[in-house]
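K.L.:
Read off the chains here:
Number of protein chains: 2
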Amino acid sequence: MALIVQKFGGTSVGSIERIEAVADLVVKTKQQGHQVVVVLSAMSGETNRLINLAKQIDSRPSSRELDVLLSTGEQVSIALLAMAIIKRGHSAVSLLADQVNILTDNMFGKARVEEVAATRLKHELEHNRIAIIAGFQGRDIEGNVTTLGRGGTDTSAVEIAGAIKADECQIYTDVDGVYTTDPRVEPNARRLSHVTFAEMLELASLGAKVLHIRSVESAGKHNVPLRVLSSFKPDEGTLISFEESDVTSNVVSGIAFNRDECLIKVHGMPQGTKHLAKVLKLFADNGIEIDMINQINHKVEKVDYAFTVHLNDYLNALDLLTAEQQQFDAHAIDGLTNVAKVSAVGMGMKSHSGVASLFFDSLAQENIDVMFVATSEIKISVLIDEKYLELAVRALHKTFLTENE
Amino acid sequence: MALIVQKFGGTSVGSIERIEAVADLVVKTKQQGHQVVVVLSAMSGETNRLINLAKQIDSRPSSRELDVLLSTGEQVSIALLAMAIIKRGHSAVSLLADQVNILTDNMFGKARVEEVAATRLKHELEHNRIAIIAGFQGRDIEGNVTTLGRGGTDTSAVEIAGAIKADECQIYTDVDGVYTTDPRVEPNARRLSHVTFAEMLELASLGAKVLHIRSVESAGKHNVPLRVLSSFKPDEGTLISFEESDVTSNVVSGIAFNRDECLIKVHGMPQGTKHLAKVLKLFADNGIEIDMINQINHKVEKVDYAFTVHLNDYLNALDLLTAEQQQFDAHAIDGLTNVAKVSAVGMGMKSHSGVASLFFDSLAQENIDVMFVATSEIKISVLIDEKYLELAVRALHKTFLTENE
Numbered sequence: 089m090a091l092i093v094q095k096f097g098g099t100s101v102g103s104i105e106r107i108e109a110v111a112d113l114v115v116k117t118k119q120q121g122h123q124v125v126v127v128l129s130a131m132s133g134e135t136n137r138l139i140n141l142a143k144q145i146d147s148r149p150s151s152r153e154l155d156v157l158l159s160t161g162e163q164v165s166i167a168l169l170a171m172a173i174i175k176r177g178h179s180a181v182s183l184l185a186d187q188v189n190i191l192t193d194n195m196f197g198k199a200r201v202e203e204v205a206a207t208r209l210k211h212e213l214e215h216n217r218i219a220i221i222a223g224f225q226g227r228d229i230e231g232n233v234t235t236l237g238r239g240g241t242d243t244s245a246v247e248i249a250g251a252i253k254a255d256e257c258q259i260y261t262d263v264d265g266v267y268t269t270d271p272r273v274e275p276n277a278r279r280l281s282h283v284t285f286a287e288m289l290e291l292a293s294l295g296a297k298v299l300h301i302r303s304v305e306s307a308g309k310h311n312v313p314l315r316v317l318s319s320f321k322p323d324e325g326t327l328i329s330f331e332e333s334d335v336t337s338n339v340v341s342g343i344a345f346n347r348d349e350c351l352i353k354v355h356g357m358p359q360g361t362k363h364l365a366k367v368l369k370l371f372a373d374n375g376i377e378i379d380m381i382n383q384i385n386h387k388v389e390k391v392d393y394a395f396t397v398h399l400n401d402y403l404n405a406l407d408l409l410t411a412e413q414q415q416f417d418a419h420a421i422d423g424l425t426n427v428a429k430v431s432a433v434g435m436g437m438k439s440h441s442g443v444a445s446l447f448f449d450s451l452a453q454e455n456i457d458v459m460f461v462a463t464s465e466i467k468i469s470v471l472i473d474e475k476y477l478e479l480a481v482r483a484l485h486k487t488f489l490t491e492n493e
Numbered sequence: 089m090a091l092i093v094q095k096f097g098g099t100s101v102g103s104i105e106r107i108e109a110v111a112d113l114v115v116k117t118k119q120q121g122h123q124v125v126v127v128l129s130a131m132s133g134e135t136n137r138l139i140n141l142a143k144q145i146d147s148r149p150s151s152r153e154l155d156v157l158l159s160t161g162e163q164v165s166i167a168l169l170a171m172a173i174i175k176r177g178h179s180a181v182s183l184l185a186d187q188v189n190i191l192t193d194n195m196f197g198k199a200r201v202e203e204v205a206a207t208r209l210k211h212e213l214e215h216n217r218i219a220i221i222a223g224f225q226g227r228d229i230e231g232n233v234t235t236l237g238r239g240g241t242d243t244s245a246v247e248i249a250g251a252i253k254a255d256e257c258q259i260y261t262d263v264d265g266v267y268t269t270d271p272r273v274e275p276n277a278r279r280l281s282h283v284t285f286a287e288m289l290e291l292a293s294l295g296a297k298v299l300h301i302r303s304v305e306s307a308g309k310h311n312v313p314l315r316v317l318s319s320f321k322p323d324e325g326t327l328i329s330f331e332e333s334d335v336t337s338n339v340v341s342g343i344a345f346n347r348d349e350c351l352i353k354v355h356g357m358p359q360g361t362k363h364l365a366k367v368l369k370l371f372a373d374n375g376i377e378i379d380m381i382n383q384i385n386h387k388v389e390k391v392d393y394a395f396t397v398h399l400n401d402y403l404n405a406l407d408l409l410t411a412e413q414q415q416f417d418a419h420a421i422d423g424l425t426n427v428a429k430v431s432a433v434g435m436g437m438k439s440h441s442g443v444a445s446l447f448f449d450s451l452a453q454e455n456i457d458v459m460f461v462a463t464s465e466i467k468i469s470v471l472i473d474e475k476y477l478e479l480a481v482r483a484l485h486k487t488f489l490t491e492n493e
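The listed protein sequences correspond, in order, to chains A and B. Numbering-wise, the working numbering puts 312 at position 224 of the first sequence, and it's gapless, one number per residue. Numbering-wise, the working numbering puts 172 at position 84 of the second sequence, and it's gapless, one number per residue.
Since the hints were derived computationally from the structure, they do not count as laboratory data. Treat each hint with caution, since some may be false.
Copies of one chain are not kept apart here, so a pair can be met inside one copy or by any two copies together.
To be verified - Listed below are the simulated PhoX-like cross-link pairs for lysine-lysine, each with C-alpha atoms no more than 25 Å apart in a straight line: (1) Lys-143 x Lys-175; (2) Lys-321 x Lys-366; (3) Lys-390 x Lys-362; (4) Lys-198 x Lys-175; (5) Lys-116 x Lys-143; (6) Lys-369 x Lys-486; (7) Lys-366 x Lys-390; (8) Lys-309 x Lys-467.
This is chain A alone, in the form it adopts within the complex:
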């Protein structure tokens, strides 16, 4: 008997038929002898319907009241699922954030979970009930309703799993696991049976469609094994845990990529960390996150700096730098949007040498130039011309991940 948390997203509970299917799945897990806690999102479309009502009143509605409004979405889905499970002859109880004491900070719309009390949940499980909890929502210390923002229900599920020391937190979604790369780019992409938390964090740009990065971080922190599976055709899915797989012999677990990065260059600035610090402060003060940073020394006294930022911040970043160009004593400022980042990620890199060599060889054979390199213990990332992205992904996948027949 295991203690299992099952999280179902909006499309998984998007209609009465889907809710009935989820009820069958939950009951099946219970009948296998497990204790089950379920965490739900709102029915798909419901959150947008509610936001639309709010926008009709105020284009920038009160964030406190928006959270009160949006949190009704999950309340509806948990009540309906509880009814469906009860109809199947099992005990079930729906629980709201205040009933399980999901304590968050008071950042309405993007609150962070501070604590989940296990007492009430343990009580329900001891009485053989299936507990069905509203995801995405919490209460601050004053009892105000809060919501957790994007990917919030994943975070709820992981925090709850951590609080009750669940054996596994299963994330049911509309894809059936984490893949070696995006199958739309590389038809030979394979589903991974297992990845580590460290790999999953690096694979976030792949996993973003599957798991919100914050929930992966939380799962790592609480040491709760995560499993990503499809609610439409549930099978083994992909397990994410601290243990390194001894089954897969791949050095590299996945090829991730990101089309949303842009390159910004500041030419001919005076050398010295204090000048770079000024530029970085300007970005930080304006909420612009930098992914990669590069420094090119031309002469003794002058350097070029290159940064990558998200496409959404590109124009803003260029404007800010241009306005301060004189203060920075920079020769010129320019940028590129038609770039993309491609990365190879794998725990095996730590112990296997020669990965970087194979990586650049693969790209060189396709005549793909690299503008930028960034590495970590388990990752190599490069920035390339966006038009070569698919080619680069396929080349790297073939080198590291395509199994020999």
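Once you have looked at the hints, place chain B on chain A.
P.N.:
Relative to the frame of chain A, chain B by itself:
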């Protein structure tokens, strides 16, 4: 400066436009220097939408979970109204049942309010905020969500007004007050500027469309003056309080009527209270409420009993009595559905004699026979053939309530 509770029903918040209009009305009251607490129903149609979702899953859904589901309706309307008021530059805060500590018993779907804590509300009012509370819902001692059933939001408003010792509880609805009788039957019906709680309870069959009887009882218990007004064209409406009006000189305040009563007769039963008690126990055990009871002595040893029951209970009551006819030693059992009850209600009856005489004179002049009579200190009710109902109402209204030009 007064402390005012304003309650708005489903049609009053039935659309974004209506919510905007309510926001204007609330803000206007605030600007007049009053402290305002608002209690809302769900947007009209929303509760039915939610019930329909539940019924798709289970024709008899779990009552606990149905309450979790239905309570989202009010949560949506309070958040939207708070947004609309904040947009108008005033401070407002939406509050759920658990945030105001509306404690109820655990009768899901028809819970009774046991206590409302004034602390949180007083705190919001002291900080100059408009408090907007979800009506219709509460929490039991274990923190489960409960709902109050039919007319629940009126009850919420009155209980809250009682807890904070409000100067007035205003019930905004789609009619503009309490009338001397139904204007669809008697075009000369006038709106009453003032009635007493005692009269309002007797006028319930008129007031049922306006106020739920339980909320009138609660208002009387807490001694909170109630005012019924239209949210579509707000004016003075009708005030309901303990004070007797010294403005209106009418002995009778209103003519109430009810088409939903039926007559049941048990013929030729043995005399004696114990036999009647058996019949009454049969009704009570089966949840059938009796309105009027009459006893007709034919001979020394045999009596006929007549009862009136609600139309919904008529067939059930007849079946039950027929099944037990032998045990009751009754000669025959029959009934009539084409009957109606008409009543004259007024505090003035206590001190004015001759009301009964005028009452029966009016009916006699129209050749209307009376089957049944019941009286209280402030009411005379009779049961008549349903086909004479409108005629009886007009005749009585003319006698007691039509003002001389």
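K.L.:
Among all the numbered hints in the text so far, which are the ones the structure does not match?
P.N.:
Hints 2 and 6 not satisfied by this model.
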